[in-house]
Amino acid sequence: MKKYWFIFINSIQTSFAYRFNVFATLFAELVSLAVFAYLWVSIYRQGQTLGDYSLNNLILYYVLTKFIILTIKYYEVGRNVGEAIREGDINTFLVMPLSFQGEFFFNYLGNVFYRSFVYLLIFIFLFSLTPLNFDIHYLVVLKMFLGLAMAVLINFQFFYMVGVSTFYFGFVIGFNFIMQGITAFFAGAIIPVDLFPTWLQVINNLLPFKFITYFPVAIALNKIDGQELYFQFLVGFCWLIILFFVNQLIFKNGVKKYEAIGI
Amino acid sequence: MKLSAYKIFRYLRIWWLQIRCGLMQRMAYPYNFYLMVVGVFVQMVLSIAFIDIIFKFVDNISGWTKEGAMMILASYMILEGLMWATCSFISGIQRNVRMGTMDMIITRPIDTQFLVSVWRADPEDWMRPFTALIIFGININGLGVWGASLFFNICFYFIMLFFGFLILYSITLFIKTVAFWVIEGSALWSLGDTVSKLSQYPTDIFFHKSVKMFFSIIIPVTFMTTIPVKILINGPKFSLMFYSFLLVLIFFIASRKFFHFGLKNYKSASS
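For the record, the sequence lines run as chains A and B.
So the first sequence is numbered by my numbering: it starts at 1 and just counts up by one.
So the second sequence is numbered by my numbering: it starts at 1 and just counts up by one.
One or more hints might be untrue.
Claimed, not checked - EDC-like, lysine to aspartate or glutamate: derived pairs with alpha carbons at most 16 Å apart:
| no. | chain 1 | residue 1 | chain 2 | residue 2 |
| --- | --- | --- | --- | --- |
| 1 | B | K56 | A | D194 |
| 2 | A | K223 | A | D135 |
| 3 | A | K3 | A | D135 |
| 4 | A | K2 | A | D135 |
| 5 | B | K56 | A | D52 |
| 6 | B | K197 | A | E29 |
| 7 | B | K267 | B | D103 |
| 8 | B | K264 | B | D59 |
| 9 | B | K66 | B | D204 |
Hint data in this document are derived by calculation from the structure and do not stem from the laboratory.
Between the sequences and the hints, there should be enough to build the whole structure, so can you do that?
Okay, structure coming up:
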């Protein structure tokens with residue numbers, strides 16, 4: 001386990017080296033968040049509403065969503081894993097006593113840890129400057145963090161799957177790009193999933209995407225609670241197990257096909 | 001800058017060659033290319049779904065009907081598509097600065113700004129303007145403009161959209177030039193993308209006067225999509241067209257000067 005701890009620490013240190021990127025990304029995302037806020041305020045000012053969301057909760061939804069998007073970065077794992085296979089970097093892992101998935105998982109975890117720490121501080125500071133009202137019980141915070149942990153794990157497993165499919169496709173930037181768009185939409189990063197038409201909500205309930213963003217945000221906004229919450233945690237956990245075993249299978253068969261030439 | 005017809009032809013030929021090279025690079029992995037095309041299309045469909053879902057709950061957004069909002073979205077798709085398909089949001093600057101290969105570009109007997117601009121082109125993004133034209137065709141009837149006036153409005157709309165493209169190009173050049181100072185500036189992409197994405201909504205949503213002014217003068221997003229669509233619906237307003245042309249001139253010249261200033265700071269050291 002010690003070796004993975006060093007991967008985790010190295011990843012955090014590397015993140016510190018590129019501070020400009022973190023702050024430039026944050027700035028860009030805050031601008032897009034402000035545009036969303038303007039869009040919703042302009043709609044609510046006219047007396048119109050979106051579903052059962054109050055203006056405060058709708059903006060809060062986007063603030064929390066933005067924090068999650070910035071922290072977990074959907075596409076990152078798929079891109080890094082895919083490139084490692086395509087360029088032949090995986091060769092090193094095949095001969096070392098180090099798990100390929102473990103390396104990428106702890107590397108990703110280090111990045112997530114760094115980003116969540118930086119963005120949380122900034123978001124709390126900026127949030128305190130807004131008139132938004134966010135009453136949250138500490139138990140809900142705890143549940144939300146469990147939901148966030150599940151979001152990180154499912155996102156990793158899902159995009160790891162996209163990345164290891166490089167064994168079969170040769171190049172997965174296109175596939176990663178498609179999945180990034182689909183994930184953003186079905187995870188509720190563009191519009192809350194409970195505002196989808198009913199038929200789309202039914203389809204979305206059969207997919208793992210909502211656990212990547214909507215689920216932790218819905219917990220924070222008290223949209224999911226009680227029995228439903230535990231049931232959703234169970235469903236999310238099942239998805240995690242399924243994705244993990246599917247990934248093992250894809251990797252195992254992929255390595256058999258792999259020619260170690262740096263495609 | 002004195003450009004002869006021969007020079008223009010030469011530059012167009014180089015641009016065409018770069019576009020072909022871009023296509024050949026993509027086609028080295030054909031499945032990946034097709035997936036990229038599908039990915040772009042999916043992204044466009046999801047953007048349409050976003051507007052569609054909002055209009056399931058509301059009648060208008062700051063006075064814009066669904067057809068008008070869709071036209072703005074289509075205009076944004078055209079601009080973004082052209083930016084990707086012709087110059088890939090000028091990604092040539094940061095890539096070459098980071099890799100230290102800018103030396104090879106600045107020593108070539110051709111305008112450096114031109115070469116870094118056309119250095120990469122993403123052919124899959126032609127799907128964006130293509131999808132946009134479909135949205136355009138579907139929603140044009142809902143705008144309430146018919147006959148000859150519709151024809152003239154469409155002509156002026158495309159002129160204004162071309163101005164919008166030049167404004168977006170210039171703002172992107174401003175942003176990407178920062179790569180000369182920060183070297184590992186992959187997040188500059190996010191900044192350029194954000195400016196472009198700002199234009200997918202009607203700028204009338206910015207109800208604060210100061211914000212509206214900001215997006216009309218400092219970062220003139222208003223002139224990229226909202227004004228062109230207003231001209232498409234209400235007909236040409238020459239004061240706006242003149243102001244848009246003026247903005248193009250100012251932004252294009254200023255961004256070019258800034259680029260050359262950045263170039264002077266290039267230290268030829270890859271990271």
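Going down the list of hints, with the structure as the test:
Under the criterion of a C-alpha separation no larger than 16 Å, the hint pairing B/K56 with A/D194 is consistent with the structure, at around 13 Å. For the suggested pair A/K223 and A/D135, the alpha carbons sit about 14 Å apart, so the restraint of at most 16 Å is met. Annotation: proposed proximity of A/K3 to A/D135 is violated, straight-line Cα distance about 41 Å (limit 16 Å). Restraint check for A/K2 and A/D135: the C-alpha separation of about 40 Å exceeds 16 Å, so the hint is violated.
Simply put, B/K56 and A/D52 have alpha-carbon atoms about 13 Å apart, close enough for the 16 Å limit, and the pair holds. Taken as a hint, the B/K197 and A/E29 pair is honoured in the structure, with Cα atoms around 11 Å apart against an allowance of 16 Å. For the hint pairing B/K267 with B/D103, the CA-to-CA distance comes to about 9 Å; that is within 16 Å, so the pair holds. Between the alpha carbons of B/K264 and B/D59 the distance comes to roughly 53 Å, so the proposed pair goes past 16 Å and is violated.
Taken as a hint, the B/K66 and B/D204 pair is honoured in the structure, with Cα atoms around 14 Å apart against an allowance of 16 Å.
In summary, the structure is inconsistent with hints 3, 4, 8 from the numbered list given earlier, while agreeing with the others.
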